[in-house]
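Visitor: The primary structure of each chain is shown beneath.
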Amino acid sequence: MVISKSSKAALWLFLTPVLCWLLLLIVLPHIDLLRMSFGGENDYGEHVWTLQNYRNFFTEPIYWNTFLRTAIFSIITTIITFLLAMPVAFYIVKVVRPRFQGAMVLMLLLPFWVSELVRVYGWMILLRESGVINHFLLKFGVVDRPVEMLYNDATMIMGLVYTSMLFMVVPIISAMESLDDSLIEAAHDLGSGKLVIWYKIILPHCKPGITSGSIVVFMLVLGNYLTPNLMGGKNSLWFTEQIYNQFIASFNWNQGAAFGFLLLLLSSLIIWIGLKLSRQKLGEVAS
Amino acid sequence: MGPSMNNDLSVSNLVKKFGDFTAVDNVTFAVPQGSFFSILGPSGCGKTTLLRMIAGFEEPTSGNIMIRGKDMAGVGPNLRPVNLVFQHLALFPMMNVEENIAFGLRRRKVDSATIKKKIEAILERVGLPDYAKHQIGQLSGGQKQRVAIARSLVLEPSVLLLDEPLGALDLKLREQMKVELKKLQAKVGTTFVYITHDQSEALVMSDRVVVMNQGRFEQLGTPQELYGQPLTPFVAQFVGDNNLWSGEITEMSGADAIIRTDEGFIFRSRVQGEVTVGRRADLFLRPETLRIQPEDKEGLNIFNVTVKTILFDGANSRLLTVTPEDHELLVALPQNRRFDYIQPGQTIEVGWHPEAGVCFAAGD
Ligand SMILES: Nc1ncnc2c1ncn2[C@@H]1O[C@H](COP(=O)(O)OP(=O)(O)OP(=O)(O)O)[C@@H](O)[C@H]1O
Ligand SMILES: [Mg+2]
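If you're matching them up, the sequences are chains Z and B in order.
Each residue of the first sequence is one higher than the one before, counting from 1 in UniProt numbering.
Each residue of the second sequence is one higher than the one before, counting from 1 in UniProt numbering.
Hint data in this document are derived by calculation from the structure and do not stem from the laboratory.
Please note: incorrect hints may appear among the correct ones.
Unchecked claim - Which chain Z residues face chain B? A few, computed with CB under 7 Å, are given here:
(1) LEU179
(2) SER182
(3) HIS188
(4) LEU190
(5) GLY191
Virtual Cβ for every residue (Gly too), placed ideally from N, Cα, C.
Whole structure, please, built from the sequences with the hints as guidance.
Guide: Dropping the structure here:
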């Protein structure tokens, strides 16, 4: 293809801010982090290059386990979010009358107009020992002592699912919108029940939306700090808290940088495995 | 009228309302086993709605549907012994040709070896023997058509329902598919219920055709009956081309009427329905019943027209002519070289037999 001089100039004009943004906000800090992660001090307090920061991660079970726990909970959260998002998206796209569709999407969006902190605090008001739910449970005699519903893994996952819902529903909605109703009817006509229609027609059609939604949700949950910190159990750490601790509590920036890098690498690895398992390519998902 | 045993489909007093709007209005018909039945009507007359009720996608407001003698009330689309070929085909894009056709068989838990054999046989039938592994996106419009039909036919339904399946094809292909579809139906012997707004499709393919208008059936009959003896003005106008005159009945003589058209012609014509002297009436006359320069004028209605243009279209060529009052008339122009001398601007004599025209009382 021949590109004229002026359109080449225009291309650069568009690309420059993007490239600057990539370079300044993503590439440079990461190079610095990478450099830092290989840094350390020897016994005399001198700066040396070392792999010790990475070695720590694999030799200290506490770090390793925290990461594993974080990854597993993130995967569980992603799966639950997906299971909830499918019927929600289907309802909005195929069941609700077209003129209410906008309103429905808006309602999904509404919680995201307040900050995550406020949202989490909302949950705490509902769930804590002196909270709204306990108040009613006591009042109607369902329980005779307030139950602690906060600070356990189930509550934390619920909070994370709530936070991630939108990022799963929106890509699935846009994938489902292009699904022709007559395909569903044709499958029905050819003898399939609801389950087969979901499995054979709707899911395969929505696959790109599901994959991109899952990647976004997984990354967001893995990198989340507030929700696990405020709603999760006291003795179970999220990996981001480990990083935070290294940077802020221990002032061990080198170790923190190494953890940051490991988080990036390991999460990319998990996504790569996920794409391989579902036989997809990143390029197809993005398009 | 009880349901006859050799009717594959019988529908009685079927009504479908959407709110206040009646899409299908008290429709009754029966389709004999192994026949090609068409429902012909203009866009929006309720054809798809009727078909979707038969397939089970819409709940009738009242009336009932019997397939092979079984009442279909409350039976879901997946359990009815009918299959629908959709207006836009609805082939599954994520599956190849073979998987599309196997889809229904898999739902019936047919074993793989049988499925393979059936797919081969049906692809052979529809003329796509080597296309099993093709992706849907790689097929042409006509090939998609055939795959869609194969996907339904392979299930050996009692009745195959087709919703304007040729609508998306270009003219040439449509002509070709029309003939092929008719041949296919004759070969497999499945009962076809075919809906279309294209009268030529309905006339060419069908054993019997029903003309539908605004949710009601106007006339049911063979293509020849609909063309030759339309029972309502709507059928006369919708099926085939017709010239139309408005006028007044001046005299009744036997089965014929004498009509004076608004521009003053006096014609003798066959009548249909209630027509009385003094009433307004519409006279319909097919282009091919108008004879140019007739030699034997005995008993014909004769008048002069001026040729405006020659609409040459091979065997279907016509003359566009006008009467002295500027009323346009189409006259068939047989391509047997006898009329090669006719030029635009020329005045010619035309005649028609009273049996060829038909008069209806005009709507009030
Ligand atoms: N779900 C529905 N709700 C309300 N009105 C409907 C619905 N489905 C169809 N209609 C109306 O019923 C009438 C008949 O529609 P239908 O689709 O049966 O027409 P059709 O004869 O198949 O037309 P076409 O040849 O254009 O496909 C139309 O006026 C349409 O607007
Ligand atoms: Mg239709």
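Visitor: Hints first: check each against the structure and report whether it holds.
Guide: Checked hints:
At about 10 Å, the closest approach between the beta carbon of LEU179(Z) and any beta carbon in chain B exceeds 7 Å, and the interface hint on this residue is violated. Checking SER182(Z) against chain B by beta carbon gives a least distance of about 4 Å; that is within 7 Å, so the hint holds. Given hint, HIS188(Z) at the interface with chain B, holds; its Cβ is 5 Å from that chain's nearest Cβ, closer than 7 Å. Checking LEU190(Z) against chain B: minimum C-beta separation of about 4 Å stays under 7 Å; hint holds.
A least Cβ separation of about 4 Å between GLY191(Z) and chain B falls short of the 7 Å threshold, and the interface hint therefore holds.
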